[in-house]
Structure formats: C-alpha cells, structure tokens
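Engineer: Put chains C and E on the given structure of chain H with help from the hints.
Chains as they are written, first to last, in the numbering used here: chain H, 4 to 352; chain C, 2 to 198; chain E, 17 to 573.
Everything labelled a hint here was simulated from the structure, so no lab data went into it.
One or more of the hints may lead you astray.
Pairs of lysine-lysine, BS3-like flavour, derived with a Cα cap of 27 Å [stated by the list, open to error]:
no., chain 1, residue 1, chain 2, residue 2
1, E, Lys-451, E, Lys-375
2, E, Lys-522, H, Lys-85
3, H, Lys-85, E, Lys-554
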Amino acid sequence: MRNRSPNVWLARCTLLLGILCLSTVTLAQATPSLSPTNIFAPASTPAQSIFGLSLFVLAVTGAIFLVVFTLLLYSVVKFRKKRNDDGREPPQVYGSNQVELAWTVIPVLIVVALFMATARVIASVQKIARPDNAIEVIAIGHQFWWEYRYPALGVVTANELHVPVSDNHTPIPTFITLLSADTDHSFWVPRLAGKTDLIPNHPNSMWIDPHETGVYLGQCAQYCGTQHAKMLLRIYVQSWDEFERWAQQQSQPSNVAGGISAGQRIFETTACINCHTVSGTIAHGHFGPDLTHLMSRDTIAAGAATNTPEHLRQWIRNPDAIKPGSLMPAMQLSDQELDALTAYMETLR
Amino acid sequence: MSATSVATDGRIEWDRPARGRVGMFGLIAAEAGIFTIFVVAYLFYVGKSLTGPMPKDVLSVPVFFTICLLSSSLTIHLAAKALRRGTVRSFGILWFATISLGAAFLYGTAREWHRLIFDEGLTISTNLFGTTYYSLVGLHGFHVVVGLLALFVAMVFTFLGGVRAEHAERIDVLSLYWHFVDTVWIVVFTVVYVIGR
Amino acid sequence: MSTESITWPRTAGESRSFVDHLHEWVVTVDHKRLGVLYVLYALVFLLIAGIEAIVIRIQLIRPHNDFVSPQVFNRMFTMHGTTMIFFVIMPVLFGFVNYLIPLMIGARDMAFPRLNAFSFWMTAFGGLLLYFSLIGANGLYGAGNAPDVGWFAYAPLTSRTFSVGHSTDFWTLSLLVSGFGSIGTAINIVATVLCMRCPGMTLAKMPLFAWLNLVMAGLVILCVSPLTAAQIMLLVDRYLGGHFFDTQAGGSAVIWMHFFWVFGHPEVYVLVLPAFAFASEIIPVFSRKPIFGYPVMVGATVAIGFISMSVWAHHMFTVGMSSAANNFFVISTMAIAVPTGIKIFNWLATMWGGKIEFKTPMLFCIAFLFQFLIAGLTGIMQGAAPFDWHLGNSYFVVAHFHYVIVGGILFCLFGAFYYWFPKMTGKMYSETLGKLHFWLFIVGFHLTFDFMHIPGLLGMPRRIYTYEPGRGWDTWNFIVTIGAFFQAAGILVFLGNLLWSYFRGKAAGSDPWDAWTLEWSTNSPPPAYNFASIPIVKSRRPLWDLKHPDDPDWKYE
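Chain H on its own, in the form it takes in the complex (with noise of 0.2 Å):
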C-alpha cells in the first residue's frame, strides 16, 4: 500500500526509540545508587508523599504527551505534501466548534484533578502539628554556612545535622525552623524533604522523620552570594541511642586539660575569638562557625573539604584556596603559628 511508506516505519521506529530511551532513564533513577540526592527515591514522609503525587503528575502529563505527540506525527506524516500533488488547495476548514469544546472541557477536568491531588500533599505536609517528642532544631542561614541550634538539648554547632530515625513504631520527627543571618538560603536534602527557603525576617519551618540511618546529602538552593556552590549539606541520622551520645558530648564545653597550649593562646590573640566560639574559654564570636566539637564533624567549611589535618591547615593558611570568596579571612600566620593553631584545632573533640 503506497500510504505505509518508508518515513511512516521510520518515524514509528524512531518513536519506539524515544520511548524506550525515556523508560530507561525513568526506571534507572528509581534506585538511591545513582544519586545520593535523586528525588525519587525518598527515604522520609514529606520526601514520600511527594514521590507519590509526581508519579501521578508523571503520568498524567506522560499520557497527554504521548496522545498529542501522535497525533502531532500522524499529521505531519499524513498530510504532507505528496510527490503527485495536483497543485490545488485543500478543503479550507475554518473552526470547529465541537472539537474546540471537546479540547477545553478534557484539560479542565485533568486540571481539576491535578490540582486535588496536590491540594491533599500541601496540606499532609505544611499543616502538620508538632508532636511533643519531636527534636526542635534551629537552622540560621549564612553566607556560605548553616549554624545548627537545639535549644532542649543545649547543643550548638555547625553544618553537620544529626537527628534520630523515625520509625514507625517509635516516629521521633524532627522539625527545623529555618532563620537567616543575612541573605536568602534554601535548605535542600532532596530525599528527606522538598526545599524551604532561609530568608531574613521570614521565619520559616520544615520538618523531616527519616526512616533509615545513614548519611543524606543536599547543598543551598538559593542562590547566595559567591560560595553558594559550596554550602553543602550533612544529615546524620543516627539511632536513638548515638543520637543522645552525640548530643550530649556537643552540649559539653570544652576541656582541654593542661593549661593554654600556644596554639590556643594563637587563637584567643588573634582575631579567630570575633567570629568564633569555643565554649568554656573566652572565644565567644558568632559570626563564624561554633569551633568547640570540631574534631567531631567529618568535613570543614561546610562540606568544601574532609576534616583532615592537612585541610585544617591550609583552611587557615588561606581560606580561599580551598573556597575562594568565602568570608573568612587569612590572617597572615607563620607556619609556626599555622602548626600550633592546627594542633589546638585537633583537641577540640
């Protein structure tokens, strides 16, 4: 039959193609292995509940792609202009007004159902009330690093966020408020929970219940200022039981035994005490990170380096070759200087 050219098998060919490159990509990123950061594979009940509704919207708008896309390629196949022509016009047709009523009252009813689905997932997830055992932190915005407060717990520290598993037998939510210290952040650990913004003035909550410890990953998603690239994300969830160890040592101050080592004294002469603190000595800064467990965090300058001797030292060697533009700055040490600041760094556990 002459209407089954080549170009129909091709283009039929070339659409199987497509759609069995889309299922591919679609079905590889259902596992965590390919991202630690892949938004389908949600490991806490907001991360959940909206894994649920992008499925539904995935389909929907799957569906109506694929219905317009054939008929899209139908036509563009059908009524191209053939080798034979005879070099009249078309019939001219100019309007429908069935068809147009038939493609407004169908998308207005998909749109009816969209919008109630989503309805259900704002509302499961913005007017949620706090259950008394959940853990409160505050989380402040800075250019480029998060400070962490647990105002029950006492604790104060920086950039690595630990809070225990929620399972369902025992959920122990955690619920952050989210303040900023200058400019606008955005909090974004995309298997846990969608990203809420830091915005001055505007305090803000979010909330998580993670089901499985482990180590979850996320980085600012507002832009900030030059090292916004660098504002990395740590949630450390961990069972009830190391979760209290871990707070309560970072409620305690430091003790170093033995006297001011020359590394410390370094510290509290140089400028490191205007932006620093150090619980339990006379370094009470709060413009930079909380120093005093910061032997206890696996990475410095908000996820920009691992905490290795090494980093530590040329972090403050030269804050800019490690985070150029980042706010702190080289204070000029000898390597002397340089070596016993970093070994005063490495007491404080």
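Structural biologist: Frame of chain H, contents of chains C and E only:
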C-alpha cells in the same frame, strides 16, 4: 472616544479611535501600574516600622492643598471646553488657574516636607514609614511637576497666539494626564492620611 | 495589489556617502528601518550572551572544574540571563512586530513614529549601559564589574551590604532605561492596532499576528511598570538609605520577590505571544489552510493574558507561603494550561487535512509544536507545588525555561527569520543552509536541554559554579555541554545564511510563499510608504480573496 473618519470613495464608513487618546490611556495604564506597586508597598508596611515617628504622630491632613489640586481638575476641564468653543481668552485664564492651583499644591507638599524633615526628624531613611511615605508622595509630586511643565509649555504657546480651537483635541489629551494625576492623589491621600494613620 | 511604485523625488545621479547612509539610519523613524535596527542589535547581543552560555557550560563540563573563578561564573549567568531576556529576545521580537504590524494592517507606519525611534534608542542605550559595567578596574570587589546577583536580583543580596560597588546599580539602571523603551513600544503597538487598521479590517478581521501582539503590548504596559517601580525602590534603598527591602529595619525580602515576579511571569508571556504570532502565520501558509478556530484563538490569547497576571507566585512555592496561597497559585498556574493547550490543538488542527510543505520556516514551527508541548508539560509538573519543592531552583527549572525560550520561542523566531527574510531583503535565503541550520540546532538543543532535566531530578541546584563528584551529575553535565557546541554551530550557519543570501540570494519577488496577508501584496522590500494605495479588505485573508475570486473567504467566515 472621538474618531477619525476615512471616507474612502464613499463606499466604506471607517471609524477608528483617535491615536492620541489611545496612546495617553496606554501611558496612564503604565503609570497606574507603577503607582499601584508603591501603594501596595505602603499598605504592606503600615504599622511595621521598628522605630521612629509614626504617621499619627507627625502627619497633618493637607485639606487645603488637596482642594487646590482637585479644583485644578475642574478648571482644566472648563478650559478644554472653552477652547473647543473657540473662546481662547477664557481658555487662557482657566489654564493659568490650573497651573496656579497645581503649583500651590506643590508648595504645600514642599512646606509639609520641610516640617517633617526639620521639625519632626522624619526622612526617607528614618524608618519604613519614612521610606514609603516620601517615595509614594514624592513619586506623585514628580508627576505633578512633569504635568505642570507640559501645561506651562502649552501656556507659553497660548501667549504666543499659537493655540486655537483646532488644537482642542490635543488639549483634551493633555488634560487626561492631569486628571490622572489628580485621581492618583485621591488614592494616595486615602492610603496615607486616612487608612495609614 | 500595491506593487506599483511611486517615483521617489530624488535628484538623479546624486550619490550618497557612507556617513549620509549612517545618518539616515540613525535619525530614522520608519518602522521598517527601526525594525531592522532592533533585529541587528539583538543578533549582536545573541552572540555575546551565547558566548556567556558557552563559558558557563565549559565550567560545568566536569566537577570541580576551574575554567573560571566563582566570581566570574556568577557574573556569567547573571549577564547571560539579563542579556538574553532584555537585550536579545525582547528587541528581536519588537523588531519583527514593528516591521510587520503596519504592513499587515495596511498602514503606512506605526501610530507614533518618533516614539518608536525613542523607544529603540532607549532599549539600545540600556544594553550598552549593562555592558558598560564591565569597564573599570578590578579594584574594590564588585566595583566596576558586571552584575552578579542573578537575573532576578533577590533582596537582600542586592543591598549595599552584600553588593558593594556599582555592579548592581548598572543592572538596575539598564533595566529601568530599557523598560521605558519597552513601555513606549507597547503603547505604540496598542495605538497602531486600534487606530490604524485599513478600511474594512475590523478587529475580527485582522491577522492573528496583530491580535497576539496587541495582547502582548497590553501585558508589557501592565507588567513592566511593576518592575520599574521595584527598580526605583531598590535605588532608593541603595542610594537614599531607604528600607523597602531592608530586613534589618523590618523590611521584607519576600516583597521584592512578589514585585519582581508580578513582572517576571507576565514577561514570559510577553516573550511567547509574539512567537505564537509567528507560528499562527507560518503554519497556515505551509499547510495551505486557514488557521483553525480563529475566534477561539483570539479568546484563548486574551484568556492567557489575563490569567498570566495571576500566577506569579508559582516562582515562590518554596518561600514559605500559607497553604491557602500555595493552593491559589497551583490552580491559577494549572488553569493557564487550558487556553495554552487549546492553541496547540488549534495549530495541529490547522495542519490536519492540509498539504504540508517542509520548507525551513515550517520545519522550525513543527519542532516548536513538539518542544512547546513538552515545555508546557514540565511547567504543569512544577505547578504541582509539592513537586516544585524539589524541582524549583534546580536544573529542572533551567531545563524547563530554556525548553520554552529556546525550544519554543527561538525556534519560532528562526521560522520567522526565514519566512520574512525574502520580504525584508527582496532575496531568497539558501534552503540548503536553512535545513543544515535546523538539523544542527535541533540536535544540539535536544542534547543540551533534554538531558539537563536529569541533574535537576537528581538534586542539582541552579547557579552553582561547580559541583561535587559522586552526586551522579557528571555524565549528564558533560552531554549538556556538548550540545551547546552543536547549537553554536547552528547559529553560525544561520548567520552565514543571512549574510550570504543578503548579498547573493535569488530575487524573491513580492509573494514567494503564495501567502494571504497584506504584507505580501507589496514589493520586497516594501517601499518607504508601504502601499501605493491603502488597501480595503473584506476578510481575514485579503490575498486569498484576490487569488480565489470564485471562492473568497468572506463568504465563509
């Protein structure tokens, strides 16, 4: 809207709106957009100043100068009518009255601002009230100044004998702008001196 | 119809110097010349902003790359976005609209020719002002350097505290100045369409191109003014010590977002409606059928215009609005999909039952339909607010809006370039080069923007100058960057085609496409006065009536 008819060999009656009016309405719509945002900011920040003088402490309602400005709408309307009739002298007098009333309003604003700045210590940087007040009233005042400049130019042309009945349409379009400025003042007055206080 | 010329009074044998030519162009108030100036201006900035995009993509080709510093990268994405929107897409669209509207409605020029010239020069100056920011010593951080606050410049990042120096001021002032130009052009378009139509051309009989741009102009008037207001407020904050966006004094950072997006969302409809206008003229001609459902298309356009002013806070779903506010913006965002979908269906129905010719303009418009469909659907995904709590501010959004602006608007624009090039220059473009451009560009487009969705779904936020390895983003970013080079190649072929065809193309004649609107009734290029005599029309397709006197449109409309 007045229209321009094109008699194309008598076969078609073709009425379209006049360009000048449509253009002026377009301009008014755009300016209304700008003013709306300033009014929204003003209303949003009512009562939110952390420090400094509050509206009810320092604002005094400018009744007389408001009457001046709103009367100028009446005089400009009468002026335009006079020109359409052809009575250029009446037009000139009424036009001059409009400019005087507008200038009086500006004087009133200047006096008010002088008092607020030097006696009450309220500037644009004092607090949220200061910022939004001076911005909104200032934006309006700026539009009054521009309007007065345009009216003044027309006044000069009138003195030189260049304005006649056939220019009535252009005067009408210009007076549309002036009416807009007065309408904005009604809104600003309500927001600042009635609601915001 | 109007192809007879009128002898232009000019002294025979007088040759004009280059300076005279230049002077003519600089002082022109002719809508056609201003249209060409707009388009050429936009093409220059297209190259500049394109290079900025290439720099961004090279930096992101692999994790922890150091092709540029974070400071330079942040300036690149700010300048790329600002330039593309305000000094490429808007001018090129205004250029086409200025050129074509008077011709399509049978007028001799726009309603206010001098305002037209003023608006062009304001826009032009604004662009130069933005790039003037690059000049200046590298002294104090931020002083005399390009703006780096992102194209939507959120407060309080733009306050004096966090943006020292003058780079943000250049951003503010350049947009303020070009905004006045945009409003001027919009007023001109409204007045022209309402007041200058030729006899017989009622609003119901004017080309869809005129309708779509009328609504676009209305949107510009209503939505650029909020941006102007916000810019003035920002200047008050930065220079007069004001507190509009000063959170320390009780001010609100969120209110800047509201003001900006009240402009920003209708702005994207300002960009897309002229693209729809191009498609609505090209698709019928190459399908050999009238546009399907003209009245519904007009209604849908007006509906889009209105609804587009109520959806703005869907850019702010993560800001912490109440669930009531979130719900409102979900429903308004999804509602706008209905008239937009109606338009897609109407274009499809126009092609249905036709005799489609795959010339270059039509190729671009068919690709537009496919890509705009996808872009609209990813928009719906983001309209479901909780889904947007992931997708927002990620590379998914970047992929979505480039799908609309490049895959939708730019493709239509390429179609328009090829469709009207013969009219504007009198020469035919090279069909071979046109098709080469199409295939190069569409391959590059899909390589870049299809795969760009994936890092977004895997957690990659936007505006980051580098990223960590081990997040699963590496391969996708690599593919995205490769696609950019294909697109660059396509653009070079395009520009080469324009140049070559201008000098060496075959004569095109007044109506190479056998089309039906009034611009094809006059010479190519049209004389300064457009038409020898003002036409009188009886239907939406006056040239169809002339070519088919036995079967004219006005019997069936």
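Engineer: Determine for every hint whether it applies to the structure shown.
Structural biologist: Results for each hint:
The straight-line distance between the Cα atoms of E:Lys-451 and E:Lys-375 is roughly 8 Å, inside the 27 Å bound, and the hint therefore holds. Restraint check for E:Lys-522 and H:Lys-85: satisfied, since their Cα atoms lie roughly 26 Å apart, inside the 27 Å limit. Of the supplied pair hints, the one linking H:Lys-85 and E:Lys-554 is violated, its CA atoms being roughly 32 Å apart against a limit of 27 Å.
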